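Asker: Here the protein sequences come in this chain order: A and B.
For my numbering, add 4 to where a residue sits in the first sequence, where the first one is 1.
For my numbering, add 179 to where a residue sits in the second sequence, where the first one is 1.
Note that these hints are calculated values from the structure, not bench results.
These figures come from a predicted structure and were not determined experimentally.
The hints are all genuine.
With beta-carbon atoms standing in for the labels, derived distance ranges:
#, chain 1, residue 1, chain 2, residue 2, range
1, B, Leu205, A, Pro88, 19 to 27 Å
2, B, Gly277, A, Lys62, 30 to 38 Å
3, A, Val24, B, Asp209, 18 to 26 Å
4, A, Val34, B, Pro183, 28 to 36 Å
5, B, Gln206, A, Gln126, 35 to 43 Å
Ideal Cβ positions, reconstructed from N, Cα and C, are used throughout, including at glycine.
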Amino acid sequence: MSTFTEEYSVPIKSAADIVVARQKGRALAVQLGFNGSGPTMIAAAISEVARNIVNHAKQGEIVLSGILDGGRLGIQVIARDEGPGIANIEQAMQYGFSSNKGMGVGLPGAKWLMDEFDIQSQVGQGTRVSMRKWVS
Amino acid sequence: MHVPILKQGGYLIATIQSVLSDADLLQLRDDLAGRVGEFRSRGVIIDVTVLDVIDSFATRTLRGVAHMLKLRGADTVIVGIQPDVAFAMVQLGLTLEGVGTALDLEEGLAFLSAKAKRGGLVAWTGGAAAPPSSPKAPQDNVNKRGRGRR
Chain A
5 MSTFTEEYSV
15 PIKSAADIVV
25 ARQKGRALAV
35 QLGFNGSGPT
45 MIAAAISEVA
55 RNIVNHAKQG
65 EIVLSGILDG
75 GRLGIQVIAR
85 DEGPGIANIE
95 QAMQYGFSSN
105 KGMGVGLPGA
115 KWLMDEFDIQ
125 SQVGQGTRVS
135 MRKWVS
Chain B
180 MHVPILKQGG
190 YLIATIQSVL
200 SDADLLQLRD
210 DLAGRVGEFR
220 SRGVIIDVTV
230 LDVIDSFATR
240 TLRGVAHMLK
250 LRGADTVIVG
260 IQPDVAFAMV
270 QLGLTLEGVG
280 TALDLEEGLA
290 FLSAKAKRGG
300 LVAWTGGAAA
310 PPSSPKAPQD
320 NVNKRGRGRR
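Hey, can you work out the whole structure from these sequences and the hints?
Answerer: Next up, the structure:
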């Protein structure tokens, strides 16, 4: 698998940056050939992981890139922060579980919207969510 | 981006004009809560046609707005959720339970009218438009409507 577009980094420092990140993600998705509800699903997933950064880590970044695997074309979204980290990832991925004011929909919801989802986190060091979706 | 709120008879119509930040959504909530009292509205339509994404925060806020306005005596209808946006909401497991939804503005107005009829409420569409904002306004309103809502 290789990254074939440049990586677009969107710094996430406030709630307003969430909108920027999902708009950039949608634009890249369209450019990569996603159609129908694809770009909206990608934008929604970006919205959720970006909000996670704002709510828990205060700041971080979303890195978007086009990826190529065999003949498949896709989009990769990486959300990373150096926030407090997640002690119990299993719990965080449970639908309806929220450690603060949210609905507990964000992370599990983003996973459903994308084809691949990976989360790594270390308490005190930060969190990295990596998601991919393939152009069908 | 500020969301304009128009008064249409006994109803308020808030048409979202561009993609909204979290702060804009919260501002809309506060504006609507105030206007419902100011114009003594029985129904509110929020047109979200332009929204590219309705994520968990937007869903929670819209639900919150509707419940808050209900407590202020007004029904809320969300109109214009686009097909792709609806699909993504379903994937995210987001629902607008307890909130009215309709296809578009026209259907939204019909929804509110039907609800007003069913509930025995008569939407106040008096030609006098907005109640005057003079200090004696509350007293006038009590006389006209038989009860105060502010």
